[in-house]
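From just these sequences and the hints, can you work out the full model?
Number of protein chains: 4
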Amino acid sequence: MLSAFRKLPETKQEAILSAAAQVFALKGFHQANVADICHKAGISNGALYKYFENKQALFVGVFDYAVQIMVSELFQKNLDRNASVYETVRHIFEDLVALAEKQPELLMLYVNIGSCSMNNVAPPLSGKIEGEAKRFWLELVRRGKANGEINKELADAAVAYFIDNHVSLLAYSLVSKHFESRFMVYFGDEIGAMSAEAAIEIIMQSIRMMLE
Amino acid sequence: MLSAFRKLPETKQEAILSAAAQVFALKGFHQANVADICHKAGISNGALYKYFENKQALFVGVFDYAVQIMVSELFQKNLDRNASVYETVRHIFEDLVALAEKQPELLMLYVNIGSCSMNNVAPPLSGKIEGEAKRFWLELVRRGKANGEINKELADAAVAYFIDNHVSLLAYSLVSKHFESRFMVYFGDEIGAMSAEAAIEIIMQSIRMMLE
Amino acid sequence: MLSAFRKLPETKQEAILSAAAQVFALKGFHQANVADICHKAGISNGALYKYFENKQALFVGVFDYAVQIMVSELFQKNLDRNASVYETVRHIFEDLVALAEKQPELLMLYVNIGSCSMNNVAPPLSGKIEGEAKRFWLELVRRGKANGEINKELADAAVAYFIDNHVSLLAYSLVSKHFESRFMVYFGDEIGAMSAEAAIEIIMQSIRMMLE
Amino acid sequence: MLSAFRKLPETKQEAILSAAAQVFALKGFHQANVADICHKAGISNGALYKYFENKQALFVGVFDYAVQIMVSELFQKNLDRNASVYETVRHIFEDLVALAEKQPELLMLYVNIGSCSMNNVAPPLSGKIEGEAKRFWLELVRRGKANGEINKELADAAVAYFIDNHVSLLAYSLVSKHFESRFMVYFGDEIGAMSAEAAIEIIMQSIRMMLE
DNA sequence: AATGAATGAGTTTTCATTCAT
DNA sequence: AATGAATGAAAACTCATTCAT
Numbered sequence: 001m002l003s004a005f006r007k008l009p010e011t012k013q014e015a016i017l018s019a020a021a022q023v024f025a026l027k028g029f030h031q032a033n034v035a036d037i038c039h040k041a042g043i044s045n046g047a048l049y050k051y052f053e054n055k056q057a058l059f060v061g062v063f064d065y066a067v068q069i070m071v072s073e074l075f076q077k078n079l080d081r082n083a084s085v086y087e088t089v090r091h092i093f094e095d096l097v098a099l100a101e102k103q104p105e106l107l108m109l110y111v112n113i114g115s116c117s118m119n120n121v122a123p124p125l126s127g128k129i130e131g132e133a134k135r136f137w138l139e140l141v142r143r144g145k146a147n148g149e150i151n152k153e154l155a156d157a158a159v160a161y162f163i164d165n166h167v168s169l170l171a172y173s174l175v176s177k178h179f180e181s182r183f184m185v186y187f188g189d190e191i192g193a194m195s196a197e198a199a200i201e202i203i204m205q206s207i208r209m210m211l212e
Numbered sequence: 001m002l003s004a005f006r007k008l009p010e011t012k013q014e015a016i017l018s019a020a021a022q023v024f025a026l027k028g029f030h031q032a033n034v035a036d037i038c039h040k041a042g043i044s045n046g047a048l049y050k051y052f053e054n055k056q057a058l059f060v061g062v063f064d065y066a067v068q069i070m071v072s073e074l075f076q077k078n079l080d081r082n083a084s085v086y087e088t089v090r091h092i093f094e095d096l097v098a099l100a101e102k103q104p105e106l107l108m109l110y111v112n113i114g115s116c117s118m119n120n121v122a123p124p125l126s127g128k129i130e131g132e133a134k135r136f137w138l139e140l141v142r143r144g145k146a147n148g149e150i151n152k153e154l155a156d157a158a159v160a161y162f163i164d165n166h167v168s169l170l171a172y173s174l175v176s177k178h179f180e181s182r183f184m185v186y187f188g189d190e191i192g193a194m195s196a197e198a199a200i201e202i203i204m205q206s207i208r209m210m211l212e
Numbered sequence: 001m002l003s004a005f006r007k008l009p010e011t012k013q014e015a016i017l018s019a020a021a022q023v024f025a026l027k028g029f030h031q032a033n034v035a036d037i038c039h040k041a042g043i044s045n046g047a048l049y050k051y052f053e054n055k056q057a058l059f060v061g062v063f064d065y066a067v068q069i070m071v072s073e074l075f076q077k078n079l080d081r082n083a084s085v086y087e088t089v090r091h092i093f094e095d096l097v098a099l100a101e102k103q104p105e106l107l108m109l110y111v112n113i114g115s116c117s118m119n120n121v122a123p124p125l126s127g128k129i130e131g132e133a134k135r136f137w138l139e140l141v142r143r144g145k146a147n148g149e150i151n152k153e154l155a156d157a158a159v160a161y162f163i164d165n166h167v168s169l170l171a172y173s174l175v176s177k178h179f180e181s182r183f184m185v186y187f188g189d190e191i192g193a194m195s196a197e198a199a200i201e202i203i204m205q206s207i208r209m210m211l212e
Numbered sequence: 001m002l003s004a005f006r007k008l009p010e011t012k013q014e015a016i017l018s019a020a021a022q023v024f025a026l027k028g029f030h031q032a033n034v035a036d037i038c039h040k041a042g043i044s045n046g047a048l049y050k051y052f053e054n055k056q057a058l059f060v061g062v063f064d065y066a067v068q069i070m071v072s073e074l075f076q077k078n079l080d081r082n083a084s085v086y087e088t089v090r091h092i093f094e095d096l097v098a099l100a101e102k103q104p105e106l107l108m109l110y111v112n113i114g115s116c117s118m119n120n121v122a123p124p125l126s127g128k129i130e131g132e133a134k135r136f137w138l139e140l141v142r143r144g145k146a147n148g149e150i151n152k153e154l155a156d157a158a159v160a161y162f163i164d165n166h167v168s169l170l171a172y173s174l175v176s177k178h179f180e181s182r183f184m185v186y187f188g189d190e191i192g193a194m195s196a197e198a199a200i201e202i203i204m205q206s207i208r209m210m211l212e
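Protein chains in written order, with our numbering: chain X, 1 to 212; chain G, 1 to 212; chain W, 1 to 212; chain H, 1 to 212.
FYI, nobody ran anything at the bench for these hints, they're computed from the structure. Predicted, not measured: the structure shown is a model, and the values here were computed from it. Heads up, some of the hints might be wrong.
It does not matter which identical chain is used: a pair holds within one copy or between any two.
List of simulated lysine to aspartate or glutamate pairs, EDC-like, C-alpha gap at most 20 Å [what the hints assert, rightly or not]:
hint: 1; residue 1: K177; residue 2: E14
hint: 2; residue 1: K177; residue 2: D80
hint: 3; residue 1: K152; residue 2: E201
hint: 4; residue 1: K128; residue 2: E87
hint: 5; residue 1: K128; residue 2: E139
hint: 6; residue 1: K102; residue 2: E139
hint: 7; residue 1: K77; residue 2: D164
hint: 8; residue 1: K7; residue 2: E87
hint: 9; residue 1: K102; residue 2: D156
hint: 10; residue 1: K50; residue 2: D36
hint: 11; residue 1: K134; residue 2: E180
hint: 12; residue 1: K128; residue 2: E180
hint: 13; residue 1: K55; residue 2: E201
hint: 14; residue 1: K145; residue 2: E197
hint: 15; residue 1: K77; residue 2: E94
hint: 16; residue 1: K40; residue 2: E201
hint: 17; residue 1: K177; residue 2: D64
hint: 18; residue 1: K145; residue 2: D164
hint: 19; residue 1: K128; residue 2: D189
hint: 20; residue 1: K177; residue 2: E132
hint: 21; residue 1: K177; residue 2: D189
hint: 22; residue 1: K145; residue 2: D156
hint: 23; residue 1: K77; residue 2: D95
Here it is as structure tokens:
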């Protein structure tokens with residue numbers, strides 16, 4: 001079943017996953033329309049069902065695709081840098097902003113699984129990305145403690161979780177209207193419209209305070 | 001239209017809103033079944049459409065109801081206390097946990113509007129609760145600065161936003177499986193299952209560090 | 001579910017069951033089109049699913065309806081007659097022919113469950129009608145033995161089964177083209193077209209020979 | 001078109017016809033899945049349509065194949081025997097039982113065309129096998145009358161039809177669940193489960209009574 | 001000759017909403 | 001005011017058949 005999909009030319013795989021990601025991101029799983037996705041992807045309805053058993057399997061495939069890109073664009077890209085913890089985190093924030101501009105649908109998929117209406121499907125999906133994130137943060141925390149950037153008395157997992165929370169928060173802020181309008185409630189007076197740079201600055205401040 | 005609803009006996013209004021809250025919370029807006037809600041509420045399908053113009057209007061009504069209870073149970077209840085900032089925040093956390101046990105559907109509704117699939121309806125709903133929250137936190141921050149509990153150099157809005165983030169985070173952790181499983185990725189080894197107390201402790205720690 | 005159906009005015013129940021019987025009879029279960037049935041019955045697609053859980057449940061309902069009419073038109077109608085066995089059987093044959101003219105779809109439904117493609121649903125359906133038939137035939141056989149019409153050495157069940165076979169055979173001959181053309185292979189030369197009367201005569205002969 | 005099929009190696013022809021016979025028998029014409037058949041036969045979907053114009057043509061081909069085997073295994077095999085009518089019939093019954101064990105799908109195909117949902121395709125198919133059967137029975141009846149085994153006053157065609165009915169009945173009983181459960185309604189008390197031997201005995205009895 | 005990926009019309013089933021009673 | 005039966009459009013999924021390779 002999935003093997004049929006893997007045999008397709010990369011560009012077609014891309015087209016399908018990207019189309020599906022956009023529709024799922026925008027409409028959510030249930031409201032997403034399979035025919036819509038097929039049309040956007042330029043394939044027939046029947047073809048899709050040769051590649052994925054059903055809508056749910058397609059969703060899982062799309063989520064895997066999103067996770068893979070997110071991990072690559074956020075973590076792997078920032079893995080080897082000899083940068084300080086703050087610099088690394090800031091780079092990731094910047095990459096996140098770039099990703100939110102280029103492929104917001106990927107972040108939206110991630111945000112959507114936080115909804116309680118996804119409670120029955122979320123856990124395995126969550127695991128896929130959070131496992132990768134944790135590994136990255138823990139390594140960074142170790143480096144930060146070695147550098148003296150991070151207070152050695154703080155528990156590693158707690159710091160990793162704390163950073164992850166802030167990255168998540170930024171991701172949510174970048175693509176969820178609820179988070180955007182929540183941000184504006186607090187900073188709308190000072191800042192005309194929510195800018196990613198402003199959000200980053202505010203979140204970086206939180207982190208700096210916490211870790212020193 | 002809505003006036004017809006307001007004329008109903010309070011218990012019936014309650015029954016309808018509570019039934020709808022549960023179904024919307026569990027299934028999400030699109031997957032929620034109107035007939036299901038009516039059945040749970042003990043009214044006829046037709047009756048519902050005398051009280052609310054359509055499913056969407058019902059959802060808004062239900063969200064208002066949820067906001068009202070959340071504001072009352074979390075903020076108004078903790079308004080007059082002469083307690084310290086930390087104590088107040090902790091009390092709110094405890095009340096949040098209690099609410100998550102008694103009426104998890106209310107928090108779930110709140111969590112669900114964070115999803116990007118709700119982007120087109122979220123902003124007015126977000127405003128309703130976040131406005132109340134902001135007012136409360138700003139007052140608390142002023143008190144904290146007066147007390148010397150909060151560093152006076154920090155911007156009020158930033159601190160308020162920071163606290164609100166953590167309260168939201170706890171709310172998400174309590175009802176969203178994604179957040180629960182994310183929490184477990186980080187603390188699953190130390191803590192057998194996610195306990196509200198553990199979550200509170202970890203979050204309180206973040207706040208204390210930040211504010212001093 | 002079914003109670004909703006039973007609450008309908010009799011004429012509407014009739015319209016639905018009759019429409020469904022015709023379509024199922026003509027096309028078979030799988031090829032029968034639910035929308036077709038609804039259209040023929042003068043109801044909406046949605047309505048049907050208020051009365052029957054799904055296509056299969058509708059089929060069972062229709063089969064029950066067919067059995068009820070068949071039992072009533074063939075057996076109950078010929079129950080009290082003080083007639084001889086032969087006369088009774090002949091009457092049943094004649095009623096069968098009349099039924100095949102008025103509502104051939106009922107006999108067709110019965111014939112269709114004999115197909116191996118119905119093997120997984122047939123047994124419970126078979127039981128419904130064959131149980132009634134057996135009871136009737138056994139009573140008739142007892143009467144026949146008392147009358148001296150039936151050889152007392154023959155086993156009751158065997159005779160009942162034998163008669164039932166011939167009634168079934170006539171039913172099949174009246175509505176199945178395979179059975180009709182099979183009949184014509186044997187008697188096409190003598191008889192221009194298959195006539196019910198001719199079929200009855202030939203089958204009656206078999207029975208008479210057997211029983212004496 | 002069909003010539004392409006005939007040019008295939010015998011084993012491949014066999015594989016295709018046998019696979020198709022099994023699927024058509026089990027599922028019925030409409031529910032049978034062409035891709036399934038191809039897979040079972042070890043050929044590609046496209047290949048099938050080189051050999052047969054469409055599903056219907058394949059079905060006809062398969063039915064011919066089934067008829068050919070049935071005629072050979074039941075009639076030709078019992079043609080030259082110098083046996084009595086009863087013995088011949090009994091042998092045919094036994095061969096039928098053997099066939100039902102080795103290739104039940106062939107009998108099932110035969111049984112399935114009795115269904116009214118096959119009314120539009122049945123007649124030409126019926127003719128193919130019933131013509132052969134008639135010829136065989138008429139010859140047997142002539143022999144039986146010459147032997148004195150069969151009452152000379154009985155019409156040849158009627159006797160032939162009568163015997164054919166019973167052979168059909170046995171075939172139906174062996175592969176159709178409806179007929180099996182119908183048999184059990186009558187004899188379930190005496191006989192634990194339906195055995196082919198018991199069925200033969202009961203049917204033979206009918207025939208003997210009839211013909212003497 | 002053979003493949004098997006692709007098509008797209010067709011099917012069952014659901015459900016927000018209406019309206020006669 | 002309240003009911004709940006009825007609607008019918010929409011949506012996921014299937015499959016016989018075709019055709020480029």
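List in ascending order the numbers of the hints, as given earlier, that are violated by the structure. 1, 2, 4, 6, 8, 9, 13, 14, 16
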